[in-house]
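Using the sequences plus the hints, can you model the full thing?
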Amino acid sequence: VAQPSFFLAPVTLLNLGARYTWEKVSFSLNVDNALNKEYIGIPTARANAGLGLPRNVRLTTPFLF
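In this text, residue positions in the sequence shown follow my numbering: the first is 1, and each later residue adds one.
These are computed hints drawn from the structure, not numbers from a lab. Treat each hint with caution, since some may be false.
Unchecked claim - Listed below are the simulated SDA-like cross-link pairs for lysine to any residue, each with C-alpha atoms no more than 20 Å apart in a straight line:
#1 K37 - R58
#2 K37 - G52
#3 K37 - R19
In structure tokens, the structure reads:
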């Protein structure tokens, strides 16, 4: 019986972030996987793995009071 396995090549992803504060308001912009690169994510078991996450953009605006 052969043990099922496979090799995943290394992947480099580009994540970007910026923050701006104006008086009591702060704006944060985060972009994960900025180049929208397709890759295989972390294996969930010995014989399978899922696709990685696509580009994800988040804008947060906390208010300090």
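* **Hints breached by this structure** => Hint 3 is the one this structure does not satisfy, whereas the remaining hints hold.
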